[in-house]
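Asks: Given next are the chains, with one letter for each unit.
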Amino acid sequence: MSPALCAMCRASRALIIRPKNHQKLCKACFIAIFEAEIHHTITSTNLFSPGDRIAIGASGGKDSTVLASVLKTLNERYNYGLDLVLLSIDEGIKGYRDDSLETVKRNAVQYGMPLKIVGYDELYGWTMDQVVETIGKKGNCTYCGVFRRQALDRGAKMLGIKHVVTGHNADDVAETILMNLLRGDLPRLARSTNIITGDEMSEVKRSKPLKYAYEKEIVLYAHHKKLDYFSTECIYSPEAFRGSARSLIKNLERVRPSAILDVVRSGEDMARLVPEEVTGISQCKSQKISLSNADGGDEGAGGCGSSNGRSSGGEMAEMEKKLQQDEEAAGREVEITSVSSHANGQRHDRIGGKSHLRSRAQGDTGRKLLRQTLGTCKRCGYMSSQEICKACVLLDGLNKNRPKMEIEIDVEDEESSTLRRRMEGIALAAG
Amino acid sequence: MAAEEIIPVVVEFTGGLEMLFADQRKHTLAVPAKDEEGKPVTVGWLVNYLCEKVMKDSRKEMFVLDGHVRPGILVLINDADWELEGEASYALQPKDNILFVSTLHGG
Ligand SMILES: [Zn+2]
Ligand SMILES: [Zn+2]
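Protein chains in written order, with UniProt numbering: chain U, 1 to 431; chain V, 1 to 107.
Hints are not guaranteed to be accurate.
Below, simulated DSBU-like cross-link-like pairs (lysine-lysine); rule was C-alpha separation at most 35 Å, straight line [what the hints assert, rightly or not]:
#	chain 1	residue 1	chain 2	residue 2
1	V	Lys95	U	Lys116
2	U	Lys138	U	Lys105
3	V	Lys60	U	Lys138
4	U	Lys138	V	Lys95
5	V	Lys60	U	Lys116
6	U	Lys138	V	Lys56
7	V	Lys60	U	Lys27
8	U	Lys20	V	Lys95
9	V	Lys26	U	Lys137
10	U	Lys27	V	Lys95
11	U	Lys137	V	Lys95
12	U	Lys20	V	Lys26
13	V	Lys60	U	Lys105
Please keep in mind that the hints were generated in silico from the structure rather than gathered at the bench. Bear in mind the structure is a predicted one, so any value in this text is a computation, not a measurement.
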């Protein structure tokens, strides 16, 4: 086979075949067009203004490393006038973040950017290792995800920064769209297609400049630019029902590479068809903030994996097992999703004392969203649609579990929590 | 005899795949030039060979699924996407560099 020539410069040997259009490109032209497309995404959505201070949610993984590298390049090339800072979260998982934080520290030097590392321990008084010690491995990724979302915003706030960019790519967005489609969650589907969540009224807004970039191209960009990134799975593997959606995306891509971007575009088209009163988008500003940020579940409610806020779909073995299970029973996906929202509802039930929450979690989300108003958490002051924010609710549960009791406490088990409350009552009475 | 001919190749694993291969990123291998049927060895043959002879980890499905390289793992032959080189049917040449990169790990 004679080597194919690059479709752009027609001079160099093609090394890359683009998934979205099968275009064959040489290394230099690929790097150029990859950067040009991110630039286009940024300018066409008016993502930044000159003088903005931007925190890059940096995990040391491929997506955020590529994001940092590309933003540095574009900021210099097109004079965005941005002040870029790397912001990393240390979940406190021994042996997991050590290497990835070392990678981020090297990135900070390589890209000449200041680095801020925020630990779960300083933010919440709990490391993930301690959380797992207390509640076990089951359900811990919910904690990790909820804590992580706030951690980035709080870290940004500590730095006086109002805009956090994350490395979510087209595969991530497509996966989220599919998951919300499977859940029948139109409001979240609509919001998950947005490039920005939060707005001028929010204290901290989020955006994903790599929204249209294929994961494959991100990895190839990192490879051809010889970027220094770190790859590992979270060792507390998520129970990750998302794992199978990820596999679905990758299988679709193998059959028809354009499928990923097609799902993203379809998601955007569907989002436009969802009435405003359902999405909450374009409602009054304060409401929009509460909708986009406070719930914290727009992307990766599972929340684990090394990308900030992104669910990577779990430890590979778990994912594989899950995929096989799903092949046996196609309905499993929906089933698991609803079980998980059940669990959420129950946690709220227990602590908030609102018994209608469970049906709400599965039922008419649209109406629920309309009733939400912006508020702040009574405990921590973080923006929340509830009196007590999700993180504080989880912390409440954790703090009650300390010191650890003899009985195994399942976060999703209503009975044991009732038992736990009774025991606490006894302890209180005795004290 | 030609059947004893050996081809030196370099095989690399990155993006998290190295953990399936004893945490070793770069493997310098000498593989037979011909397969059992006397045909020149291909990348497809190499993938099988890696699974059976090199990989100590039991989780073969992390690398190969349904007889194919697992979706989400990129294969680069001398830095070119293997789709440009005929994928699994590409016949190995001496000193080829075959790189397997996982995109499946956290970003
Ligand atoms: Zn070119
Ligand atoms: Zn709170």
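Asks: With reference to the structure, classify each hint as holding or not holding.
Replies: Right, here's what the structure says about each hint:
{"no.": "1", "hint": "V/Lys95 <-> U/Lys116", "in the structure": "violated (44 Å)"}
{"no.": "2", "hint": "U/Lys138 <-> U/Lys105", "in the structure": "holds (31 Å)"}
{"no.": "3", "hint": "V/Lys60 <-> U/Lys138", "in the structure": "holds (26 Å)"}
{"no.": "4", "hint": "U/Lys138 <-> V/Lys95", "in the structure": "violated (47 Å)"}
{"no.": "5", "hint": "V/Lys60 <-> U/Lys116", "in the structure": "violated (39 Å)"}
{"no.": "6", "hint": "U/Lys138 <-> V/Lys56", "in the structure": "holds (29 Å)"}
{"no.": "7", "hint": "V/Lys60 <-> U/Lys27", "in the structure": "holds (32 Å)"}
{"no.": "8", "hint": "U/Lys20 <-> V/Lys95", "in the structure": "holds (32 Å)"}
{"no.": "9", "hint": "V/Lys26 <-> U/Lys137", "in the structure": "holds (34 Å)"}
{"no.": "10", "hint": "U/Lys27 <-> V/Lys95", "in the structure": "holds (21 Å)"}
{"no.": "11", "hint": "U/Lys137 <-> V/Lys95", "in the structure": "violated (46 Å)"}
{"no.": "12", "hint": "U/Lys20 <-> V/Lys26", "in the structure": "holds (31 Å)"}
{"no.": "13", "hint": "V/Lys60 <-> U/Lys105", "in the structure": "holds (34 Å)"}
Consistency note: the structure conflicts with the earlier hints numbered 1, 4, 5, 11.
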